[in-house]
Amino acid sequence: MIEKSEGWQIARDRVLLYVRAMDLPPFQGLELALQALKESNASSIDESMNALERCILSKELQAEILDEEGKHIASIPPMNRGTMVSKNFDRIPWLTATKKFMRRWMRDLFGPSRTR
Amino acid sequence: MSTDTLEIKWTRAASWRRILLLALILLPTFTASHYMAGVLPYKGATLLEIALVVVFGILFAWISIGFWTAMLGLFVLIRHKDQFSFSQALKKQPLSIEDTEAKTAILIPIYNEDVPRVMAGVQTTLQALRKTGLSHMFHIFILSDTTNPDIWVHEEMAWYKLCQDEDAFGTIFYRHRKSNVKRKSGNVADFCRRWGKDYRYMIVFDADSVMSGKTLVQMVQAMELRPDIGILQTPPAAVNRQSLIARVQQFANRVYGPIFAAGLHFWLLGDAQYWGHNAIIRVAPFMEHCQLPRLPGKGPLGGDILSHDFVEAALMRRAGYGVWLAYDMEGSYEETPPTLLDELKRDRRWCQGNLQHLRLIFTRGFFPVHRALFVNGVMSYGSALLWLVFLILSSAEAITEVLIEPQYFPSAEMTLFPQWPVWYPMWAITLLGSTAIVLFLPKILSIAYIIFYTKKAHLYGGSVRLTLSMIIETLTSTLLAPIRMAFHSHFVVMTLLGKATGWGTQTRDDRGTTWNDAFQYHISQTLIALLWGSILYVFNRSFFWWMLPILGPMALSIPISAFSSRVSFGQKLKKLFLLITPEETEAPSELATVDENMTKPASYSPLPLSQNEGFVRAVVDPKVLALHTSLILRHRVAAPSIRQRREDIQKKALEKGPEGLSAKEKMELLRDPDQLRELHRKIWRIPNWEKAAKWGIE
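Just so you know, the protein sequences line up as chains A and B, in that order.
So for the first sequence, my numbering puts the first residue at 1; every next one is plus one.
So for the second sequence, my numbering puts the first residue at 1001; every next one is plus one.
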């Protein structure tokens, strides 16, 4: 637990640090901190942070990352689902494979011209 | 020319070319094997000698493939006129994509990578595309399979900053996959299932790939021109490395690479390989035909297919689409591993993947060339084991010769004339000479091609320095070859014995190998080489000298590994204009931009937390928390047992700080926005100074 004498100091620093972390414009941030500390009387960290949270909500300053339309930002485009199904490999015996290979090769070399 | 006519033309041309290649390989192999048998004391009459000749024959054929590929590549490049060349076909076309439906997704699959480097690459790609005026035809997807919680959050922050800086929301996308099933191929397949239908093509990058805008557009143009092509692979040039070994690799890739690529194109044509990155793929047939099944069975040769690219190329070809290598297309770059140990780490994974292909050689419907390429892949590592076997057999023969009394009358019949074991040094020298030609002539001709034909030696520091660089490269490769052989043999044996390999992340930055690491990895090899050398020295000193070029580097593998990874050595040579590549003398704008983007300062943070403390930032920093929770794709309400577990983790985090949590526990919290918000609230209310300081709240 914090010492009684330094309680207001820690509460003050914590609120100021949180406001800094929110990266608000200078006056807005300091006003927010001031309001929270006034409301809580900097009595304890808990009280001060609760007051800060209330102020943030009332001023709608929550750290939200929104897009141009005001929606939560998304890092992916809308989905357009497709399927990708694996087919099992039919691993044929080597002799059949060799015969087929020779046949195809002969056709490629000497067979008639073909179209698909 | 219609695509049907073209296909008939190239398949026929390819068949004849492959016959030529076979003849060029087999005839010298039989001749060399005959010589080899003649060199041996009993002319290949004993079992040991037969084994020696067979292994020698296989190895000679193997190196002949490389030799003739280079020779044919040189022929293609000097002839200059190639009816199947993409660059030549696209030369007359303006840089444009007429069909507005021909959208392309650039995929950057990443796994615990260096975030600033990845983002610098993405930024460079976007900037390069914008310069072509065709960036609206491309989307970039960063597909993260990252399992490190700090890196995950860092990736999200970096993506957001990049989109802000470049005004690229809706152009650059970021997706983190919860589970990295099937690794890279699964990552790409996941993209295809979610968004593949929106794109006609996808260009797959590696984490360190860079491509010029012109090349990206030209790849799309080539695919538009030839609807029969399923995959078009570009030959990436190795760049950006500073350590000695990496610069040697870089130099070799740049000097000999084009000739080998042209040679591969000569005999593969539309049956080429896909190397997993820096390639464009037609999405629809890829989705229909190229999903990989799991291989039946357990162990390293079963389960997920690790080297997916070769198999995907074979499947694409089986589906009737061509797979081509655009050997003369420039503006495609990648980076090589910075140290020998990093290279070996990658090789261990590749070795397992390539050996898995043994099980696929006779898969129904695969084209013969792809079966041959599977064998080729197996031999990339199997040849090391064969070489080792050859050396062991040779040593055994040398020792036997000393220890066992020769059989002067081997047949049962009585004869007047004994059979003397005869040694013909001239034959041995001829054999050694011809092997040296097969190994080194392509290098000499590559240099000659640059100096006398393209007249671009100035890009390599001038003719003299280019030649000196080749000598340095050859010496370094010769020193490293036995060390690589020993490791590759070990990988092959371990894989065949069923010892699995992990998917370790390859380091991509230029950090050297520590003496401790070098000692740990190379000590067994050193001891084996010393023992082997001592035995030979005692029993057959003349053979010991023959083996010294192989056993010497193995015995000295610890210092070789450590010194070759030194950046200072690489940079000293660079200052002397040795091992220089054209990308260093005339840096392409894309590579310069990557460097520039890498050096940009990180965004300002009011909290004393570094970018690398991603997890802590997600918990503490309200903005990072908001970003992270926004980006979580889907969040289901957790089952009570899971909720309880997560609450326990939360308590642990409050009690012990971030250091007290494992990576798995951090990942679990990061996946649950409610728990994360709750933890955020509690942490900002921690009254204890010391405990709060652990979270950067000071």
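If you are wondering where the hints come from, they were derived from the structure by calculation, not from laboratory data.
Idealized CB from N, CA, C, for every residue including glycine.
Some hints could be false.
Ranges between beta-carbon positions, derived for each pair [unchecked claim]:
| hint | chain 1 | residue 1 | chain 2 | residue 2 | range |
| --- | --- | --- | --- | --- | --- |
| 1 | B | ALA1693 | A | GLU53 | 53 to 59 angstroms |
| 2 | A | HIS72 | B | ASN1516 | 35 to 41 angstroms |
| 3 | A | GLU69 | B | HIS1136 | 56 to 62 angstroms |
| 4 | B | GLY1303 | A | ASP23 | 32 to 38 angstroms |
| 5 | A | HIS72 | B | GLU1586 | 27 to 33 angstroms |
| 6 | B | ARG1318 | A | GLU69 | 43 to 49 angstroms |
| 7 | B | LEU1225 | A | GLU69 | 57 to 63 angstroms |
| 8 | B | LEU1095 | A | HIS72 | 50 to 56 angstroms |
Heads up, simulated DSS-like pairs for lysine-lysine below, C-alpha to C-alpha not over 30 angstroms straight-line [unchecked claim]:
| hint | chain 1 | residue 1 | chain 2 | residue 2 |
| --- | --- | --- | --- | --- |
| 9 | B | LYS1092 | B | LYS1081 |
| 10 | A | LYS99 | B | LYS1161 |
| 11 | A | LYS59 | B | LYS1214 |
| 12 | B | LYS1197 | A | LYS59 |
| 13 | A | LYS87 | B | LYS1131 |
| 14 | A | LYS71 | B | LYS1103 |
| 15 | B | LYS1197 | A | LYS87 |
| 16 | B | LYS1131 | B | LYS1009 |
| 17 | B | LYS1092 | A | LYS71 |
| 18 | A | LYS87 | B | LYS1600 |
| 19 | B | LYS1652 | A | LYS59 |
| 20 | A | LYS71 | B | LYS1682 |
| 21 | B | LYS1091 | A | LYS87 |
| 22 | B | LYS1656 | A | LYS71 |
| 23 | A | LYS38 | B | LYS1691 |
| 24 | B | LYS1197 | B | LYS1214 |
Simulated coverage check for chain B against chain A, where a stretch passes if three residues somewhere in it have a Cβ under 8 angstroms from a Cβ of chain A [what the hints assert, rightly or not]:
| hint | region |
| --- | --- |
| 25 | 1185-1195 |
| 26 | 1356-1363 |
| 27 | 1681-1691 |
A quick look at each hint next to the structure:
no. : hint                                     : verdict
1   : B:ALA1693 to A:GLU53: 53 to 59 angstroms : violated (22 angstroms)
2   : A:HIS72 to B:ASN1516: 35 to 41 angstroms : violated (48 angstroms)
3   : A:GLU69 to B:HIS1136: 56 to 62 angstroms : violated (21 angstroms)
4   : B:GLY1303 to A:ASP23: 32 to 38 angstroms : violated (47 angstroms)
5   : A:HIS72 to B:GLU1586: 27 to 33 angstroms : violated (46 angstroms)
6   : B:ARG1318 to A:GLU69: 43 to 49 angstroms : holds (46 angstroms)
7   : B:LEU1225 to A:GLU69: 57 to 63 angstroms : violated (40 angstroms)
8   : B:LEU1095 to A:HIS72: 50 to 56 angstroms : violated (38 angstroms)
9   : B:LYS1092 to B:LYS1081                   : holds (15 angstroms)
10  : A:LYS99 to B:LYS1161                     : violated (59 angstroms)
11  : A:LYS59 to B:LYS1214                     : violated (50 angstroms)
12  : B:LYS1197 to A:LYS59                     : violated (43 angstroms)
13  : A:LYS87 to B:LYS1131                     : violated (42 angstroms)
14  : A:LYS71 to B:LYS1103                     : holds (26 angstroms)
15  : B:LYS1197 to A:LYS87                     : holds (20 angstroms)
16  : B:LYS1131 to B:LYS1009                   : violated (37 angstroms)
17  : B:LYS1092 to A:LYS71                     : violated (47 angstroms)
18  : A:LYS87 to B:LYS1600                     : violated (47 angstroms)
19  : B:LYS1652 to A:LYS59                     : violated (34 angstroms)
20  : A:LYS71 to B:LYS1682                     : holds (27 angstroms)
21  : B:LYS1091 to A:LYS87                     : violated (40 angstroms)
22  : B:LYS1656 to A:LYS71                     : violated (36 angstroms)
23  : A:LYS38 to B:LYS1691                     : holds (26 angstroms)
24  : B:LYS1197 to B:LYS1214                   : holds (25 angstroms)
25  : 1185-1195                                : holds (count 5)
26  : 1356-1363                                : holds (count 5)
27  : 1681-1691                                : holds (count 7)
Of the numbered hints listed earlier, those contradicted by the structure are 1, 2, 3, 4, 5, 7, 8, 10, 11, 12, 13, 16, 17, 18, 19, 21 and 22.
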